[in-house]
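*Asks:* Given next are the chains, with one letter for each unit.
Protein chains: 2
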Amino acid sequence: MQPGTKSGFELDARLESNSVPVMWLGLCELRLVNDGRWIRLMLVPQRTGVEEIHELSPLDQAMLTFEICMVSKALKHVAQCDTVNMSIACNAIRQLRVDMIARSKGDAGWPDTVWDDEPCKPRDRKSQLALLDKLRAAM
Amino acid sequence: MQPGTKSGFELDARLESNSVPVMWLGLCELRLVNDGRWIRLMLVPQRTGVEEIHELSPLDQAMLTFEICMVSKALKHVAQCDTVNMSIACNAIRQLRVDMIARSKGDAGWPDTVWDDEPCKPRDRKSQLALLDKLRAAM
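Chains Z and H, in that order, are what the protein sequence lines are. No gaps in the numbering here: position 128 of the first sequence is 128 in this note's numbering, and each next residue is one more. No gaps in the numbering here: position 55 of the second sequence is 194 in this note's numbering, and each next residue is one more.
Hint data in this document are derived by calculation from the structure and do not stem from the laboratory. Given the structure is predicted, the values throughout are model-derived calculations rather than measurements.
Computed, partial: chain H to chain Z, Cβ under 10 angstroms: (1) 210; (2) 231; (3) 232; (4) 237; (5) 244; (6) 249.
We treat Cβ as the ideally placed atom computed from N, Cα and C, and that holds for glycine.
Next comes chain Z alone, as it looks inside the complex (with noise of 0.2 angstroms):
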């Protein structure tokens, strides 16, 4: 088990295996998704068996509301982007993560949503450290 992890939590394994790590939170297990065209996150509360928002207890709705803030200000300076969008979309996957990505005029996608793209490929390992390390220290 990873630190960080609760005990019990299992991270589903479509999630798990097209992303990485960044770090623990209170509430979620914070990821980076490998697609080397978006500085894409993905922020999974670390219960079981919760598929909508408003199935969190109130305590874990306000940590995620905290955390979502907390990463979406980190993001917004890292990335150096115009606009940070955020989507839930538990459809095929039934776990309730929040997806955020890094949007600036211009882009490629702007200004429609992006989230239905398919992965690309990931970034290579010294940028994907280098992108991990910013993240943390922002954090």
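Starting from the structure of chain Z, add chain H where the hints point.
*Replies:* Coordinates of chain H only, in the frame set by chain Z:
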């Protein structure tokens, strides 16, 4: 000014023309998007000049979370859907709002997101009023 509207707050004209008011909550104006294909709601915090969730004050962040969870639960109940998708994407229109849409397995678009669908014909007046009544009763 509508009852419940915060003084000085102005809803973007494009958002206003594409939706109708459901009710005013403590922080947000809750609106129903004019698209007969989906039950799609929009929560707009009544705060001027806010484009990102982390720009809200901590109290407003807490209120937004409370209102998101209340609306998500009501939407799931009224729509009898499988899940509620949620999106923040202030790309073309730079006013913070949370979009929510009722989704079910096998709907037109499943399992993708449908945020960028062109708005379709609105509901007829009778269906719209019935839906608004149901949503208000569930809140």
